[in-house]
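Chemist: In order, the protein sequences belong to chains A and B.
To convert, note that position 164 of the first sequence is 185 in this note's numbering; the numbers rise steadily by one, no gaps.
To convert, note that position 169 of the second sequence is 686 in this note's numbering; the numbers rise steadily by one, no gaps.
It is worth saying that the hints were derived from the structure and are not from the lab.
Keep in mind the model is a prediction, meaning the values are calculated, not measured.
There could be a bad hint or two in this list.
[To be verified] Beyond 12 Å from chain B on every Cβ pair, some chain A residues (computed): (1) F94; (2) P100; (3) A122; (4) E126; (5) Y156; (6) V157; (7) M174; (8) I187.
[Said to hold, decoys possible] Listed below are several chain B residues computed to face chain A (Cβ distance under 7 Å; list not exhaustive): (9) F533; (10) Q599; (11) N607; (12) E609; (13) H613; (14) K626.
By construction, the Cβ of each residue, glycine as well, lies at the ideal position given by its N, Cα and C atoms.
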Amino acid sequence: MSIELVLHYLVSSSFIHGAGMTLLLTVTSLFFGVMIGLVLALIQESRTRTGQVVTFFYLWLFRGTPVLFQVIFIYNVLPSFGIKLSAFVCAVLALSLNEGAYMAEILRSGLQAVKKGQRTAGLALGMTGSQMMRYVVVPQAARIVLPPIGNQMIGMLKLSALVSVIAVEELLLVANQTASADFRYFEALTAAGIYYLAMTTAFMGLQILIETALDPKKRQRMRRVPLTERMLGTSKSFAVR
Amino acid sequence: MVVEHFLEIVGINKSFGSVQVLKTCSMTVAAKETVVVIGPSGSGKSTLLRSINLLEPVDSGDIFFAGENITRERKKAHLLRQQIGMVFQNFELFAHLSAVENVMLAPMKILGVSSADAHDIAVDLLRKVQIPEKADAFPDELSGGQQQRVAIARALAMRPKLMLYDEPTSALDPEMIREVLDVMAELSAEGMTSIVVTHEMGFARRAADRIVFMEQGEIIESASSDQFFGGTVNDRARRFLDQILH
Numbered sequence: 022m023s024i025e026l027v028l029h030y031l032v033s034s035s036f037i038h039g040a041g042m043t044l045l046l047t048v049t050s051l052f053f054g055v056m057i058g059l060v061l062a063l064i065q066e067s068r069t070r071t072g073q074v075v076t077f078f079y080l081w082l083f084r085g086t087p088v089l090f091q092v093i094f095i096y097n098v099l100p101s102f103g104i105k106l107s108a109f110v111c112a113v114l115a116l117s118l119n120e121g122a123y124m125a126e127i128l129r130s131g132l133q134a135v136k137k138g139q140r141t142a143g144l145a146l147g148m149t150g151s152q153m154m155r156y157v158v159v160p161q162a163a164r165i166v167l168p169p170i171g172n173q174m175i176g177m178l179k180l181s182a183l184v185s186v187i188a189v190e191e192l193l194l195v196a197n198q199t200a201s202a203d204f205r206y207f208e209a210l211t212a213a214g215i216y217y218l219a220m221t222t223a224f225m226g227l228q229i230l231i232e233t234a235l236d237p238k239k240r241q242r243m244r245r246v247p248l249t250e251r252m253l254g255t256s257k258s259f260a261v262r
Numbered sequence: 518m519v520v521e522h523f524l525e526i527v528g529i530n531k532s533f534g535s536v537q538v539l540k541t542c543s544m545t546v547a548a549k550e551t552v553v554v555i556g557p558s559g560s561g562k563s564t565l566l567r568s569i570n571l572l573e574p575v576d577s578g579d580i581f582f583a584g585e586n587i588t589r590e591r592k593k594a595h596l597l598r599q600q601i602g603m604v605f606q607n608f609e610l611f612a613h614l615s616a617v618e619n620v621m622l623a624p625m626k627i628l629g630v631s632s633a634d635a636h637d638i639a640v641d642l643l644r645k646v647q648i649p650e651k652a653d654a655f656p657d658e659l660s661g662g663q664q665q666r667v668a669i670a671r672a673l674a675m676r677p678k679l680m681l682y683d684e685p686t687s688a689l690d691p692e693m694i695r696e697v698l699d700v701m702a703e704l705s706a707e708g709m710t711s712i713v714v715t716h717e718m719g720f721a722r723r724a725a726d727r728i729v730f731m732e733q734g735e736i737i738e739s740a741s742s743d744q745f746f747g748g749t750v751n752d753r754a755r756r757f758l759d760q761i762l763h
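Please build the complete structure, drawing on both the sequences and the hints.
Modeler: This is the structure in structure tokens:
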């Protein structure tokens, strides 16, 4: 094994582009996935018969078939209906539609975890339905759904490797192509693995940051105790907690 | 002098499925009056209370608040509720906010009061309910009695014209009941119009102007506190009283 070659791959423009593409795929698909999930969760919350049927069908379809199948299906079948999309758009479409199904369930569980009494208390103060959602339900639900959404973020990063089958130049495809060109599988895949781990580590860090930001108690304590005292553990209130 | 009824409920009916929980209930509340509603569990007391601020729409009958028929309000229900404070059995403080933030939320987000002004209002009210020192504590760091007093402060922050208490001490340990009832009695003494659903007869004796007795969805008796405790009451009310006093 040549460490120099691994380093060479790490800084090569094709790997950087591949990693960038993986990140872009992940972030865009997550964004649209969350949007779709939110719409589905709110439809389910509204408890209309049609809404229930629509969301049930959606979940049944997109959770019931493999993502790889959905990617290949969208890429190969849509053109025969005259819809011609780039491989990247097909990839984002398939990943978002699939993600939406899982996000819907996560968001729904978060909304349901906020007890009815909390909503009633908001309404009794004179809030409108949307004020009550915005100031009472969503802030509490956000804290509940964050850990499972963190899971989904990391899952999506790895799932994005699947779209190499429709020739989107993401990290795994780049690594595989490089490896077969140079016959240096070990080095090329190691470089890709390092990128994947670096990105998942960054996502985990991001999750911890958001969790702290959303936890009012942690936030308040951060404000009360100066950073240096917290690092050194010299603050009394820090020692008590 | 003609007594202007502050709140007037005229023959309201309400059913949940096949169970009729309110049967042609009528009652009036004058301004500054404190009315205590008592009765066995399942007699419709809470539903009566929740129908007043339209949390529970009634099937028929009318409710007049400050001279206006509010019964069929749907779109403006939130405007009405801004004038009516409500306190719940399980406190229902917003779990993601500290005590002071719980009190500040409604004035800021509903009335558009500035954060600094809302903070002043909240601190004053927390002082009024005797827990200014817990301003930065979160609900899960407070005892039940403290939570309920914050909940009263939260309701008062909207400067309500009427306070509704739905069994405010039923979820409390005995030693904490007193601190909550004291705050409520003080508010009543200051002239806050209040309707209190409770089993606390001591509070009724001390703070109520009138007692309303409900059973199986009906208002059986509505008497002044003196009359009620003086013995001139309906048989069914008497039996209930005997049960809970012994």
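Chemist: Evaluate each hint against the coordinates.
Modeler: Hint-by-hint comparison with the structure:
{"no.": "1", "hint": "F94", "result": "42 Å, holds"}
{"no.": "2", "hint": "P100", "result": "48 Å, holds"}
{"no.": "3", "hint": "A122", "result": "28 Å, holds"}
{"no.": "4", "hint": "E126", "result": "22 Å, holds"}
{"no.": "5", "hint": "Y156", "result": "5 Å, violated"}
{"no.": "6", "hint": "V157", "result": "6 Å, violated"}
{"no.": "7", "hint": "M174", "result": "23 Å, holds"}
{"no.": "8", "hint": "I187", "result": "43 Å, holds"}
{"no.": "9", "hint": "F533", "result": "15 Å, violated"}
{"no.": "10", "hint": "Q599", "result": "3 Å, holds"}
{"no.": "11", "hint": "N607", "result": "6 Å, holds"}
{"no.": "12", "hint": "E609", "result": "4 Å, holds"}
{"no.": "13", "hint": "H613", "result": "5 Å, holds"}
{"no.": "14", "hint": "K626", "result": "5 Å, holds"}
This entry does not satisfy hints 5, 6 and 9, going by the numbered hints stated previously.
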